[in-house]
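K.L.:
Taking the hints into account, I'd like the entire structure generated from these sequences.
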Amino acid sequence: MNTQAHGAQPVWPAADFSRVPYEVFTDPRIYRLEMERLFRGPVWNYLAMECEIPQWGDYVTNWVGDTQVIVSRSRDGSIHAVENSCAHRGARLADKVRGNARRHVCPYHLWTYSLSGDLASVPFEKGHKGKGGMPPCFDKKDHGLRKLRIATHGGLVFGTYSDDTEPLPAYLGPHSLTQIDRLLMQRTPKVIGYLRQKIAGNWKLYNENVRDPYHASLLHLFQVSFGIQTPAMKGGIKLDKDGKNTWNHSILSDDDAQGLRDLDRDYAGSGKLMPDLQMHDPAMLEVPLDLQDGYKTTLLSMFPSLVVAQVDNTYAIRHLRPKGPDAVELHITYLGFEGDTDEDLHNRLLQVNLIGPAGYISMEDGEALRLVQLGLKTRHGEHSVLEMGGTGELHDTDYLSQEISIRGFWTHYHQLMGFEPAATEKV
Amino acid sequence: MVPSLQARVERFNYDYADALDQRRYAEWPDFFTADACDYRVVSRENHDAGLPAPLMGCYSHGMVKDRVTMLIKGTLTYRDVNFRHYITNVRADETDAGAISASANFLVMQSDLEGNASVYMVGRYEDQMAIAGDRLRLRRRLVIVDSFSIDNMLAVPL
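Heads up: the sequence lines are chains A and B, in that order.
Sequential numbering from 1047 applies to the first sequence in the working numbering.
Sequential numbering from 52 applies to the second sequence in the working numbering.
Calculated from the structure, these hints are not laboratory results.
Only a predicted model underlies this, so the values are computations on that prediction, with no experimental measurement involved.
Each hint should be verified, as a subset may be incorrect.
[What the hints assert, rightly or not] Simulated crosslink set (BS3-like; lysine-lysine; CA at most 30 Å straight-line):
no.	chain 1	residue 1	chain 2	residue 2
1	B	Lys124	A	Lys1280
2	A	Lys1244	B	Lys124
3	A	Lys1193	A	Lys1175
4	A	Lys1193	A	Lys1369
5	A	Lys1177	A	Lys1244
P.N.:
Below is the structure:
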């Protein structure tokens, strides 16, 4: 096992993944392995929304792990993704975040590629006046850009490096398919803004965070105070077959307010619970849910780096872009829908205050992850504890105080990374 | 001597910055007109692309108050750092009687509790102000942020 050769072999002392070795958040050798075995392995990486590249030549850049790719629309409507690095000397081709280009031209020596990544022309390939040029054996077919295989579902574009990745619908699983249909296919989404947050923590800490409804009502006191998500709410989790994809949800109900007042002792005298806090202008909390199914928060987390989030009436694609073992950019694509009225748009601009780096119920995640990264940094050979909601087999729940869905993430992560088997006895 | 319009707007910005930098958050809403005001922090990325979603948007005086009320009451868990605003390149013009159109560049540094400083934000204010007696107040402050990959979080207004 070449993990040994790399010297990166953390100890997993519990077969149910209720213990996670802290090295996975800090060791640069493990980070490099993740880039190879996860992001270039049998996973579907989120690349773009189809509505971002409607026309021939439209492109966006994105990150697969820490590799930048260009995602573009060809003349025939097909979508392509190629690494943003010239086959000649490695230069970045597209330096804009998004734009329109009908070919990819390297600025250094003007090597030119089709949108699908094939090398189309090399200046002075045959030299000049019979001198110079590439050797006769040089074949442009051998020097294309590195390509990803594409699949789409519900307007989401995914790419994979591996021939072994299972078909996208099977990879996503039934809960993801249902939720993508509910959030992105009943109506036609359109981008109304991007939000970016630099988080000083490992990218997997965010995967834990978004699979962790236990923290939601403890760290995010705003949403408890105003009844957006409270521990008294009905809700739960559903996992896919591998445990890798999770759907967390909470449901609005009439007895939430009383339930909240009864909760005080669970906040351990922190003084943080403020059920009687009032807003001077509560307009953002009075926007009616525009889906009629009563779900107040739904977080669909898809391995390894995508979240489709509905928080109250906000709809957003959250994407993780790792920047080394101790940093990640959280990139948020904030959505409205075709046919939104002026009032709908106003409501979306009101409620954007709930999400993102300045969001009343999400700004704190960046801070929590920063504190975790700082706190665990030197705890070599030690482990985090994931026992809330029960240990042992993974299963769906109809309760929110749980960490089972986090264990689902680690189960799949451990398998793809090819680490030594987890022990059956906790240490 | 009557200070110039330019000098009055500069002084306004320095007072505004001081209230935030010294954590006198309760004073922040007083820099805005009470009847109608609009405060938005937008990324330069969205602004230039014509995308309407702000990072932070207050479209009434009540919403402006709420932003700082959540800080004052401790509803939010936010990083305890010291901020310092540097506001430069101020331009101000009186557009109508009692109305000012102004702009400025800003730089906000952050210093953690162990004394490490770094750049937190860089951007530009685009303002519509009202002259109310001897005070200026903001009807509209559009904060366009060049450093829109937000470092950790944006809890305290800019």
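K.L.:
None of the hints should be skipped; say for each whether it holds.
P.N.:
To see whether the hints hold, each was checked on the structure:
| no. | hint | verdict |
| --- | --- | --- |
| 1 | Lys124(B) with Lys1280(A) | 28 Å, holds |
| 2 | Lys1244(A) with Lys124(B) | 26 Å, holds |
| 3 | Lys1193(A) with Lys1175(A) | 35 Å, violated |
| 4 | Lys1193(A) with Lys1369(A) | 22 Å, holds |
| 5 | Lys1177(A) with Lys1244(A) | 51 Å, violated |
Of the hints listed earlier, those the structure fails to meet are numbers 3 and 5, in rising order.
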